[in-house]
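Trainee: Each chain, letter by letter, is given below.
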Amino acid sequence: QKEVEQNSGPLSVPEGAIASLNCTYSDRVSQSFFWYRQYSGKSPELIMSIYSNGDKEDGRFTAQLNKASQYVSLLIRDSQPSDSATYLCAVNVLRDDKIIFGKGTRLHILP
Amino acid sequence: ETGVTQTPRHLVMGMTNKKSLKCEQHLGHNAMYWYKQSAKKPLELMFVYNFKEQTENNSVPSRFSPECPNSSHLFLHLHTLQPEDSALYLCASSQERGPETQYFGPGTRLLVL
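Sequence lines, in order, name chains A and B. Heads up: the first sequence begins at 1 in the numbering used here, then just goes up one per residue. Heads up: the second sequence begins at 1001 in the numbering used here, then just goes up one per residue.
It should be emphasised that the hints constitute simulated quantities derived from the structure, not laboratory data. A quick note: this is a predicted structure, and the numbers were derived from the prediction, not measured. Where hints are given, some of them may not hold.
Non-contacting residues of chain B with respect to chain A, defined by C-beta distances greater than 12 Å in every case (computed) [what the hints assert, rightly or not]: (1) G1028; (2) K1040; (3) V1048; (4) N1050; (5) K1052; (6) E1084; (7) R1097; (8) T1101; (9) G1105.
Distance windows between CB atoms, simulated [to be verified]: (10) A:P111 / B:T1080: 27 to 35 Å; (11) A:A68 / B:V1012: 48 to 56 Å; (12) A:D97 / B:G1028: 38 to 46 Å; (13) A:D55 / B:V1012: 42 to 50 Å; (14) B:G1098 / A:D55: 39 to 47 Å; (15) A:P111 / B:K1040: 24 to 32 Å.
We treat Cβ as the ideally placed atom computed from N, Cα and C, and that holds for glycine.
Extracted from the complex, chain A is given alone in its bound form (with noise of 0.2 Å):
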């Protein structure tokens, strides 16, 4: 099994709809998961961290955790044109002591 597994989409979401992107991890007893956005061309810039179940605001972003099912997901609400990006999910891999990132979902977002 992968460690960090996305789909790799593309996902299609309406202008002004809500996006929801998902994340599976292999590793039971990682701690630390990050949503980054990458841009076509350009490098990732981290949108959110979590660290504990449940949810986390910022913004138009939520994050929720859940690490009985090994699941973390980024929903965007009020989706727009300059949300198309993909979307990378990063855990970190306690025993080796480093993040180990999916292969990003690629979004698009249709005005």
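Here the structure of chain A is known, so what remains is to put chain B in place on it, guided by the hints.
Mentor: Relative to chain A, chain B alone:
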């Protein structure tokens, strides 16, 4: 701007050339990383330096040679590369190695002919 700069931003080199990529961070971080990003692949961690000491080499071919003279600077020396080495090379830094937020530079787009 994330506080991490990389030069050059674009590089074209032949297989017999020698070149170096440079990364500098202005964040006071102690850990620095080199990643390779190829099309349709996840970010591949290449090297990690923590307090100037190399703590990870992810089975990277010897044609890639990292150097970390101090906590703010990181280099990636390239020699006799192959066309399959063409990719985006990203530098990142974090406060320390481990489950810390990493901040990425803009990357160097490398093309090997």
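Trainee: Taking the hints in turn, state whether each one holds.
Mentor: Checked hints:
Under the 12 Å C-beta cut-off, the non-interface status given to G1028 (chain B) relative to chain A holds; the minimum distance is some 17 Å. With a least beta-carbon separation of about 7 Å from chain A, K1040 (chain B) fails to lie farther than 12 Å from that chain, contradicting its non-interface assignment. The beta carbon of V1048 (chain B) is not kept farther than 12 Å from every beta carbon of chain A, the shortest such distance being approximately 7 Å. Not every C-beta of chain A lies more than 12 Å from that of N1050 (chain B), the closest at about 9 Å, which undercuts listing it as non-interface.
Annotated as non-interface, K1052 (chain B) keeps its C-beta farther than 12 Å from every C-beta of chain A; the closest such distance is 17 Å. The Cβ of E1084 (chain B) sits about 18 Å from the closest Cβ of chain A, beyond the 12 Å cut-off, so the non-interface label holds. With a closest Cβ-Cβ approach of about 6 Å to chain A, R1097 (chain B) is found to fall inside the 12 Å limit, against its non-interface label. Remark: the non-interface label on T1101 (chain B) conflicts with the geometry, its nearest Cβ contact in chain A lying 6 Å away (cut-off 12 Å).
Residue placement check: G1105 (chain B) does not keep its beta carbon more than 12 Å from all beta carbons of chain A (closest about 6 Å). Range check, P111 (chain A) to T1080 (chain B): Cβ separation about 47 Å, and the 27 to 35 Å hint is violated. Our hint of 48 to 56 Å for A68 (chain A) and V1012 (chain B) holds, since their Cβ atoms are close to 49 Å apart. Against the hinted window of 38 to 46 Å, the Cβ-Cβ separation of D97 (chain A) and G1028 (chain B) comes to about 21 Å, which falls outside the hint.
Distance hint for D55 (chain A) and V1012 (chain B): a CB-CB separation of about 46 Å, consistent with the stated range 42 to 50 Å. Between G1098 (chain B) and D55 (chain A), the C-beta spacing of about 25 Å breaks the proposed range 39 to 47 Å. Look at P111 (chain A) against K1040 (chain B): about 26 Å separates their beta carbons, and that is inside 24 to 32 Å.
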